[in-house]
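Chains as they are written, first to last, in my numbering: chain Z, 63 to 494; chain X, 63 to 494.
Worth flagging that the hints you see were computed from the coordinates, not collected in a lab. Careful: at least some of the hints might be erroneous.
Heads up, the list lumps identical chains together, so a pair's fine if it works in one copy or across two of them.
Listed below are the simulated BS3-like cross-link pairs for lysine-lysine, each with C-alpha atoms no more than 27 Å apart in a straight line [as the list claims (entries may be wrong)]:
id, residue 1, residue 2
1, Lys145, Lys301
2, Lys295, Lys77
3, Lys113, Lys279
4, Lys453, Lys169
5, Lys295, Lys387
6, Lys333, Lys170
7, Lys80, Lys352
8, Lys453, Lys90
9, Lys126, Lys453
10, Lys211, Lys170
11, Lys80, Lys295
12, Lys64, Lys211
13, Lys276, Lys443
14, Lys390, Lys333
15, Lys72, Lys211
16, Lys125, Lys90
17, Lys436, Lys64
18, Lys354, Lys443
19, Lys80, Lys279
20, Lys443, Lys274
21, Lys274, Lys113
22, Lys211, Lys113
23, Lys354, Lys295
24, Lys80, Lys453
25, Lys437, Lys453
26, Lys211, Lys94
2 protein chains.
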Amino acid sequence: MKTIEIKDIKEHLGKEVKLRGWVRNYRKASSKLRFVIFRDGTGDIQAVAFKSDMGEDNFEKVKKLTIESSVELIGIPGKHPQKEGVFEFHIKVVNIIGIAVDYPIGKKEHGPDFLLSQRHLWLRSRRQNAIMKIRHTVYFAICEYLNDKGFYRFDSPILTPNASEGTTTLFEVPYFEEGNAYLSQSGQLYLEAGIMSLGKVYDFGPVFRAEKSKTRKHLTEFWMMDAEAAFVKHEENMKIQEELIRFIIHSVINRNAKELEILERDIEKLKKADAPFKIMTHRQVIDMLKDKGVNIDYKDDFGAAEEEMITEDSEVPIFVDRWPKDIKSFYMKRDPENPDLVLGADLIAPEGFGEIIGGSQREDDHDILLERIKKEGYDLKDYQWFLDLRKYGSVPHSGFGVGLERLIQWMSGVRHIREVIPFPRLINRIYP
Amino acid sequence: MKTIEIKDIKEHLGKEVKLRGWVRNYRKASSKLRFVIFRDGTGDIQAVAFKSDMGEDNFEKVKKLTIESSVELIGIPGKHPQKEGVFEFHIKVVNIIGIAVDYPIGKKEHGPDFLLSQRHLWLRSRRQNAIMKIRHTVYFAICEYLNDKGFYRFDSPILTPNASEGTTTLFEVPYFEEGNAYLSQSGQLYLEAGIMSLGKVYDFGPVFRAEKSKTRKHLTEFWMMDAEAAFVKHEENMKIQEELIRFIIHSVINRNAKELEILERDIEKLKKADAPFKIMTHRQVIDMLKDKGVNIDYKDDFGAAEEEMITEDSEVPIFVDRWPKDIKSFYMKRDPENPDLVLGADLIAPEGFGEIIGGSQREDDHDILLERIKKEGYDLKDYQWFLDLRKYGSVPHSGFGVGLERLIQWMSGVRHIREVIPFPRLINRIYP
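Using the sequences provided together with the hints, build the complete structure.
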């Protein structure tokens with residue numbers, strides 16, 4: 063007899079097979095009939111237990127099954143009598159592996175703190191399972207797109223001697239005799255070394271921000287993909303980003319129809335976002351926000367509330383382009399047409415999901431970059447190697463960083479970032 | 063005119079195109095002829111500069127080119143006059159982007175300390191470039207194999223409250239009001255929660271060991287893939303590992319022929335390793351080592367020297383199976399036929415590349431695991447969630463961990479681990 067997975071059930075209709083997995087739920091229909099909602103990681107199926115099909119002993123075992131018990135079921139898959147395209151499983155033999163007593167997550171509403179403490183179990187819920195499958199798709203859609211475009215994966219280090227995005231939100235790690243190391247906030251600077259060898263590179267790993275923010279948008283540990291390419295200028299950089307995001311939308315719609323349904327995601331909204339993106343300058347966005355009554359200045363950055371307003375009338379993401387230099391990083395190249403601005407754009411998702419990409423052309427002139435590093439007050443010896451990249455074979459180049467979790471939130475329509483990573487790390491949480 | 067990459071050169075023979083990249087080297091043949099070895103990340107090509115082809119001005123520019131200068135070349139690709147399958151590029155126009163003055167890495171031999179300090183530049187060498195391309199292949203061959211087998215990517219956290227492999231080699235990170243967090247040494251325990259939702263999962267990220275070892279095999283930060291699967295037992299676990307490793311060998315041979323040639327890798331040895339792997343018990347291996355004159359006991363672990371001896375007479379990797387329980391982790395399941403042994407195996411690569419995989423079936427009984435955790439002296443509250451996995455729906459399960467860098471070393475034939483990761487972190491090095 064074959065052991066099969068639920069995802070392959072329709073290839074075995076009418077044949078006796080074995081399933082292995084867990085009881086998601088059960089229902090007593092009568093003294094002779096029970097239903098078990100059975101799951102095995104590849105899918106869920108309704109298993110039907112007729113006392114007359116399986117005999118007294120096996121039916122007694124069915125009666126012992128509780129939520130999250132592990133079990134082997136031998137039986138025959140068939141079509142659901144009423145529902146088109148749905149299958150069910152007629153149980154003949156039950157082999158109990160482990161009976162779960164008082165599984166702590168029930169049908170009632172639990173608070174987020176309780177669920178986060180039970181994250182190792184909460185992950186089994188239909189919703190969390192669906193989110194993790196979408197995470198898998200988004201991760202590999204990004205890799206697939208970039209690999210296909212000739213980018214090489216180039217892992218930047220986590221332990222770093224210097225800070226790429228300011229020093230107030232760094233986690234420190236005592237490092238032997240070397241003093242403190244810091245957990246990386248972005249691999250970008252290292253990628254700029256990588257392109258000089260490989261042309262186009264990306265990293266995709268965990269990054270860390272010791273931010274004291276406790277919002278639904280903040281994690282202290284999250285995943286980031288940074289991409290960087292030699293000879294790519296600002297406009298082409300935005301084009302690559304747009305193509306990438308649209309490829310991800312396609313991939314999720316095509317590969318995760320079932321999961322999007324479980325999450326009750328409005329797929330039409332995703333489909334509508336798969337159209338040419340808009341570009342607005344930072345200045346145009348400020349004007350728009352002023353029109354909407356926001357008290358904001360041309361030199362200001364956006365908060366979460368403003369970010370949501372930027373795309374509230376748009377079905378597609380919007381690039382906010384050409385920011386004032388003073389609110390952006392030292393490594394961004396100045397706009398040759400207006401040196402108060404940088405050749406950088408942030409991509410804001412629709413439906414209030416906020417910034418998903420930050421990108422820019424990089425400053426490639428040694429002396430200008432040196433001045434900027436000095437002006438920021440950074441220690442020059444930390445950046446010597448970075449300056450070397452402008453001394454030996456500097457070329458125009460651009461790149462961008464994608465926050466994986468923000469993107470998953472948008473794709474899956476999940477409002478709280480804590481649900482889209484297996485084990486979220488928050489300011490007050492490192493367990494489990 | 064088209065801008066092309068060197069890898070596509072043979073599709074543009076005889077047509078005027080533009081290349082962009084860097085000067086790897088140059089050679090003066092006469093007052094009217096120079097050769098430039100030109101690279102762009104996708105490949106290298108010999109560019110030929112005839113004064114008569116390009117005129118005085120352009121030839122003067124060629125004469126200015128130094129090692130690692132960045133430049134645009136317009137010209138015509140053609141076949142090499144002597145070498146079959148090799149192409150060259152006839153330069154017509156030279157646009158200098160940046161002249162590199164005194165590039166620090168020269169033709170002479172440099173010591174490893176100097177090269178590590180210049181890692182951001184050293185990466186450009188033909189050898190380092192080839193290694194990074196093989197790294198890309200190995201990384202995605204692993205993902206490809208596992209995705210194809212129905213494993214889901216499931217990122218385990220880096221910041222953790224507990225230690226999976228002992229507490230002496232942990233990096234500590236002060237974490238807000240929560241006390242210390244630790245940098246992960248392995249995601250395995252978290253994957254065991256993942257399989258209860260998704261069936262088969264893997265992570266693939268950086269892990270950290272604060273080991274005070276300064277050998278050619280040690281990094282403080284390296285990349286590890288952990289895989290875990292529900293309902294998989296010890297023997298099947300080894301079969302998955304063998305298939306995975308053989309898939310990686312295939313992939314590297316097929317995708318990196320050019321890079322293996324640059325590295326002077328003996329491909330025949332790789333091809334011979336792609337045959338059924340051997341399995342020896344730990345006891346058999348000890349006997350073999352004793353026969354070879356090693357002073358070793360049946361309860362001993364292997365050092366680097368012993369690991370090399372294990373496969374010195376074998377063309378294929380060898381699984382060292384069924385280890386004494388006392389030298390292996392608490393979570394490994396005991397051999398039902400001999401409770402002094404565990405159902406665990408390490409995979410040792412041939413050619414002296416040492417251990418590349420550690421795997422085992424996991425203890426799935428709650429009470430036995432509880433006893434072990436107590437016996438190790440670990441704090442029970444750190445492991446409560448891990449014990450929960452045995453309380454609610456425990457199933458037989460197995461998994462393994464692959465050290466990415468060790469695998470790349472073997473595939474590329476590189477003796478020093480510091481060369482197979484973009485920015486190696488060693489006990490005395492976090493720069494650049």
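- Query: Looking back at the numbered hints, which does the structure fail to meet, lowest number first?
  - Reply: 1, 3, 6, 7, 10, 14, 17, 18, 19, 21, 22, 23, 26
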